[in-house]
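Read off the chains here:
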Amino acid sequence: MNSYKILMIEDETNICNFMKMIFETNGYQILFANNGKDGKTMFFSHCPDLVILDLGLPDIDGLEIIKDIREKSEAPIIVLSARTDEHDKVEALDLGANDYVTKPFGTDELLARVRVTIRNNRFQGIGRSARGEFRLDDMVIEYDARRIIISGKEIKLTQTEYNIVELLSIYAGKVLTYAEIIKKIWGYSDFGSIKKLQVNMANIRKKFGEKPGEYRYIFNELGVGYRMNDNEKW
Amino acid sequence: MDKYCKYLKNMIKVIGISGVFFAGCLIIEEYFNAGTLVPAIMVLAVFLVSRVTDGFVYGIMASMISVLALNFAFAFPYFAFNFSIPENIISAVIMLIITIMTSALTAQLKRQEKVRIESAREKMRGNLLRAVSHDLRTPLTTIYGSSSAIVDNCEKINSEQLLQLATGIRDDAQWLMGMVENILSITRIDNGGVKITKTSTVLEELIDSVLIKFRKRYPNTVVNVSIPDEFISIPMDAVLIEQVLMNILENAVLHAEGMTKADLKVYVENDKAVFEISDDGCGIEKERLHGIFKDYFEVKEKPVDNQKRSMGIGLAVCASIIKAHNGTITAYNMKDGGCCFKFYLDMEVNGSEQL
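So the protein lines, in turn, are chains E and A.
End of the first sequence sits at 506 in our numbering; the numbers just go up one at a time, nothing left out.
End of the second sequence sits at 356 in our numbering; the numbers just go up one at a time, nothing left out.
Just so you know, the hints here were simulated from the structure itself, not pulled from any lab data.
Hints are supplied without guarantee of correctness; some may be wrong.
To be verified - If you want a taste of the chain E side facing chain A, the calculated C-beta under 8 Å gives, among others:
(1) V471
(2) N472
(3) P484
(4) Y487
(5) L494
(6) G495
As the list claims (entries may be wrong) - Output of the computed footprint for chain E on chain A, the stretches with three or more beta carbons under 8 Å from beta carbons of chain E:
(7) 200 to 206
(8) 212 to 226
(9) 235 to 243
Claimed, not checked - Computed cross-link-like contacts, DMTMM-like style, restricted to lysine to aspartate or glutamate with a CA-CA straight-line distance of at most 25 Å:
(10) A:K214 x E:D333
(11) E:K483 x A:E258
(12) E:K467 x A:D281
(13) A:K217 x E:D380
(14) E:K292 x E:E343
(15) E:K479 x A:E231
(16) E:K428 x E:E486
The beta carbon of each residue, even a glycine, is placed where N, CA and C say it ideally should be.
Required output: the full structure, derived from the provided sequences and hints.
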C-alpha cells in the first residue's frame, strides 16, 4: 500500500465520519484521535504524512500540540479553525503549521489543501530550485537570472519586489504570514513593516497587470498574509 | 489613568463653577450693592456643580466652598471668617441639604437612563433571537427532512433522488452558514460594548477578497469595480467590512429583480472613504426603504412567511457594523432604475496602526 497516511485530531464524531469517507474514497489512509493527548501519542507511534488538527480540542490547546509536534518533527500540519479568530490562525502559522482551513469548509477545498501541503512538503527546496524555474500558467520565474516573465514579456521588478515574489513561489500554495515574509525579506520588523510589504505587493500586482477580483498569481489572505497560486482550484 | 483624568475633570468643574459664580457675586455686590442676591446665586452654583459632576463628593465640596465664600466675603464681619453667628450656620446647613438632594436626584436619573438603555438592548436582543430562530427553522426543516429520508430509505432510494436530496441539504446548509456568519458579526460588535479592533486594510486587497468570495457563490453575476489607482489603506475590521460588502451584493442578487450587473465604486472624499454599491434591478419599494436597515430588529408580532426569507438579517447587520465603525450607511433608489447603497468610513488616522 502506498497511500499517504493522514492523522486527524478532531473531537466531533460526525466530522470524523464524513472525513473518513472523503479521504478513503480519494485514496488516503486516515487515522483519528478524538482528543489532544491521544493525538500526540498516535502522531509519534504512527508517523503520519500529514496532520489535520482542530484548534478547539477538549483537553489541550491546539497550539500546544503544534509546538510539541514541531519540536521533534517536520510533518506538515493543517489547522482547522473557527472564523472569528484570525489571531489564532496567524499564531498557528507562526508556530509552524503549514496551512489552515476555516470551518465550515467544503470538502474540495480541504482536499486541495491536503494535496498541496503534502506535495510542498516532499519537494520543497529540491524540485523547484533544481529545475531552476517556477512555472504558473503564463508566468515563469527564472531563479538564476532573477527574472520574471509573463506571456513572454519580462516584468521589471525592483530587488525587494522580486525577492517577495521568489519567496512566495518557493512556498507556492502555502500561506506565508506578514511577519514571516517581513522577517525573510528585510530581516527585521518595525512599526511600518506591514505597510511597506503591502505597498510592495500593490506595485507587484500593478506590474503584473492584475485588477482586484482577478488576482491570478498571488492570493490575499486578509489580515493573515499572502499565498502564491499553485494551480489548484480552491 | 482614566480614573485620574475623571477626577481632574470633576475638580476643574467644581473650582471653575464656584469661582465664576463667586466672582459674579463680588461684581454684583460691588456695582449694585444688592447683597440679598448673593446667597441665591451661590445656591445656583452648588446646584449646577451637583448636576454636572459624578457622585456626592464634588457637590459637597462645592457647597463647602460656597459656605466659606459667603461667610468670608458677604456676611458680617466682612472679609473674615466667623462661624458664631447662627444665620451663617443655618445657611451652611441649607446649602448642604440642597447639595445632597441634587446629587441623589442626579444619581437616580443616571441610573434610570442606564436601565432604559439596558432594557432597549435587551428588547432588541429578544427580537433578534426571535427573528433568527424563526428564520433558522425553514432550512433546518429541509436538512432534517432530507437527511432522514436518506437514512430511513437508504435501500429504496436511487442515485438521482439521492443527489436531489443531498443538493437540497447543501443549499440550505450554505444559507445557514451565511446566517451564522451574520450572527457572529453581531456578537462580535455587541461584545459587552468592547470596541472593534481596526487594522489598516489595503482597499484593493479587500475588494479582491470580496469579489473572489462573491464569484464563488454567484458565478453568473457581473460586478464592475472602480477604485482609485493609488495605494489606499483604510482602518477597519476587515472581516466585518467584507461581510457588509457581501451582504449588500448578495441582497442585490436575491432581491433586485431583473438586475443584470452590479457596480462597486470606491472613492475618497474629505478624509472619508466612500463605498457605493448599485444595481440595475427593480429598486426598493418606498415603504420598505425607510426602515430597511432596522426592520429585522423591530417587533414583528407575526412573522410574514410568504415573503420568503425576506431581506433577512443581512442589511441590519450591515448597519450595525458600519455604526460600530463610526460610519454612516444609506440606501436610495436611483433615477434610472435600480438602487444604491452607500457607506462612509473614516480614512487612516495617524499612529493607530497595529502590527
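Q: Could you work out which earlier hints the structure fails to respect and list their numbers in ascending sequence?
A: 2, 10, 11, 12, 14
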